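A.B. asks: Here is what each chain is made of, one letter per residue.
There are 2 protein chains.
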Amino acid sequence: MSMPQQVRLVEVGPRDGLQNEKQPISVADKVRLVDDLSAAGLRYIEVGSFVSPKWVPQMAGSAEVFAAIQQQPGVTYAALAPNLKGFEGALEAGVKEVAVFAAASEGFSQKNINCSIAESLQRFEPIMAAAREHGVRVRGYISCVLGCPIDGDVAPEQVAAIARELLDSGCYEVSLGDTIGVGTAGDTRRLIEVVGRDIDRSLLAGHFHDTYGQALANIHASLLEGVAVFDSSVAGLGGCPYAKGATGNVASEDVLYLLNGLGIETGVDMAALVQAGQHICNVLGKTNGSRVARALLAREQA
Amino acid sequence: MSMPQQVRLVEVGPRDGLQNEKQPISVADKVRLVDDLSAAGLRYIEVGSFVSPKWVPQMAGSAEVFAAIQQQPGVTYAALAPNLKGFEGALEAGVKEVAVFAAASEGFSQKNINCSIAESLQRFEPIMAAAREHGVRVRGYISCVLGCPIDGDVAPEQVAAIARELLDSGCYEVSLGDTIGVGTAGDTRRLIEVVGRDIDRSLLAGHFHDTYGQALANIHASLLEGVAVFDSSVAGLGGCPYAKGATGNVASEDVLYLLNGLGIETGVDMAALVQAGQHICNVLGKTNGSRVARALLAREQA
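Chains as they are written, first to last, in the UniProt record's numbering: chain A, 1 to 302; chain B, 1 to 302.
The following block holds chain A by itself, in its conformation from the complex (with noise of 0.2 Å):
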């Protein structure tokens, strides 16, 4: 039962959180946003994503983002590429690491990207060349790994044969994520298991969302079988229990409440966390998703 003395936090609020509100906002807010993080003390954040703003308006203006941004010294920007036209923008765009994504369920990577798998993994072989060539590193995503809304039960080897490719092709970690929050602590240590039989553990990261509110128990279950990174949404960004299919990311507050209470160091400012959580709240006009901010934001007015 030895845990982790350090965890990197993958702040995912400005992409995969923003993504999944409904409300677009302002490039302006999202320079905010971004800047709040990194001065939180945020060592790793996932900043916008090179799609068309056709499809997904919530990222348009992700490369007028990227050249607004503070960029401090020890803080990784990412941008999501989907394709190889979303790596070139990123690239113009002056971003040194990109994330890709692959689905764990043929049903989802049907439904999300319109191919299978092995059809999903041959698309990135040109991102990967790519990055090789200009050095730019790549985190890769696998999504579904507790289950899926379409297919239901994922085998734990079917994501570790994905997560095998993913690191064969060049990523560097791979991020393993309960994409609708089905999953429960049994389910995770047992997939890492699985998963760490063939992959050293520092090369994964965990990906929670809260749609059970089995995020917190997943985490606590990952730390004990030696995974070291996160990812989470500050606010939860991106998750309302109430929405159809995959809501919910895990709240970065809440997360980070859990790992100072274990004495793990993340550096990150919990104050600063939870003004930066709470400004964006305000931006969107939605109730805080994070139960750690919203009681010590009462505590506060108290």
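Don't take every hint at face value.
Note: identical chains are not told apart, hence a pair may lie in one copy or across any two.
Unchecked claim - No more than 25 Å apart at the CA atoms, straight line, and that leaves these computed lysine to any residue pairs for SDA-like:
| hint | residue 1 | residue 2 |
| --- | --- | --- |
| 1 | Lys286 | Gln301 |
| 2 | Lys54 | Glu157 |
| 3 | Lys286 | His134 |
| 4 | Lys96 | Asp168 |
| 5 | Lys54 | Tyr44 |
| 6 | Lys111 | Glu300 |
| 7 | Lys111 | Ala298 |
| 8 | Lys111 | Leu296 |
| 9 | Lys111 | Gln301 |
| 10 | Lys22 | Leu167 |
| 11 | Lys111 | Ile199 |
| 12 | Lys111 | Arg299 |
| 13 | Lys85 | Pro73 |
| 14 | Lys286 | Glu165 |
| 15 | Lys22 | Glu157 |
FYI, nobody ran anything at the bench for these hints, they're computed from the structure. Since the structure is predicted, the reported quantities are computational estimates derived from the model, not experimental observations.
Using the hints provided, position chain B relative to the given structure of chain A.
C.D. replies: This is chain B only, laid out in the frame that chain A set:
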């Protein structure tokens, strides 16, 4: 890392839950709730409290509730008895098991029950004597075990000493309550380690609030420490993350989902539990506080 194979869920919704909802409900609605919960497979239900309805109007009619419920064999129907008068009321209503309440911090003891911790333990003595005389079992609660809204930090050694006294005075089990939900998995593990030095862990229960979203992670940590009894409240009754102070009983559905995923037996049927919780939420006109219930009900409607 061995976990219990079976867990006993102590359903506190009808008492701890409803007592902390603003709006009192009818005896008939309470009876329906308790009968729904036993039908869902819960084997321990805290039904009511024998206190003055002047002080706690939500608990008025507890004797009538006990008289009207369909008592099932093998199910424990318990009541809170804060003093000897309350105990006598419970006895008159035919109650076979009562609970008594102590605080782990002097500040909370004074504020909540107007006496020191030592005085509160003395006040239990006539209750314990009467209980022995009448063959009534007594369960002990300790509140604020992981932090106090008045005194701040609480030493695990203090909790251990009070737990020891409650067991010595005749309680068969002690429920450790994180009344304000501030505890983390790390705090929980340390608490159980310290309390467990002198007390068999089979005599301990965990009672977690989800104010900071940590309850399931804390239960996961408790399971790993061998705790096999947990208090929870259907639909998270009693909890509102916006209210000041002691809010946020962890939802029974969310705990059950975690336990099911770990392969731990409880005998509780999820679908029936979700229906019981949604029905009482309709009565109260409030949003269901269980993320699992919200997700499962949304899936049904999809």
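A.B. asks: Indicate, hint by hint, whether the structure satisfies it.
C.D. replies: Here's how the hints hold up against the structure:
For the identical chains of this complex, Lys286 and Gln301 are neighbours both inside a copy (19 Å) and across copies (24 Å), given an alpha-carbon limit of 25 Å. Taking the closest pair of Cα atoms, Lys54 and Glu157 never come within 25 Å of each other, the shortest separation being 36 Å inside a single copy and 61 Å across copies. Neither within a single protomer nor between protomers do Lys286 and His134 lie at most 25 Å apart by alpha-carbon distance, with minima of 40 Å and 55 Å respectively. For the homomeric pair Lys96 and Asp168, the shortest alpha-carbon distance inside one copy (20 Å) is at most 25 Å, but the shortest distance between copies (64 Å) is not.
With identical chains, the CA atoms of Lys54 and Tyr44 are never at most 25 Å apart, being 27 Å at best within one copy and 55 Å at best between copies. In this homomeric assembly, Lys111 and Glu300 come within 25 Å of each other (Cα to Cα) only across copies, at 21 Å, whereas the closest approach inside a single copy is 45 Å. For the homomeric pair Lys111 and Ala298, the shortest alpha-carbon distance between copies (20 Å) is at most 25 Å, but the shortest distance inside one copy (41 Å) is not. Taking CA atoms no more than 25 Å apart as the test, Lys111 paired with Leu296 passes between copies only; the shortest distance there is 22 Å, against 40 Å inside one copy.
Taking CA atoms no more than 25 Å apart as the test, Lys111 paired with Gln301 passes between copies only; the shortest distance there is 21 Å, against 45 Å inside one copy. In this assembly of identical chains, the alpha carbons of Lys22 and Leu167 never lie at most 25 Å apart, being 33 Å within a copy and 54 Å across copies at closest. Proximity of Lys111 to Ile199 under the C-alpha cut-off of 25 Å is found in neither arrangement, the shortest distances being 28 Å within a copy and 54 Å between copies. In this assembly of identical chains, the alpha carbons of Lys111 and Arg299 lie at most 25 Å apart only when taken from different copies (18 Å versus 44 Å within one copy).
For the identical chains of this complex, Lys85 and Pro73 are neighbours neither inside a copy (28 Å) nor across copies (67 Å), given an alpha-carbon limit of 25 Å. With identical chains, the CA atoms of Lys286 and Glu165 are never at most 25 Å apart, being 39 Å at best within one copy and 48 Å at best between copies. Taking the shortest alpha-carbon separations for Lys22 and Glu157, neither the intra-copy value of 35 Å nor the inter-copy value of 50 Å comes in at or below 25 Å.
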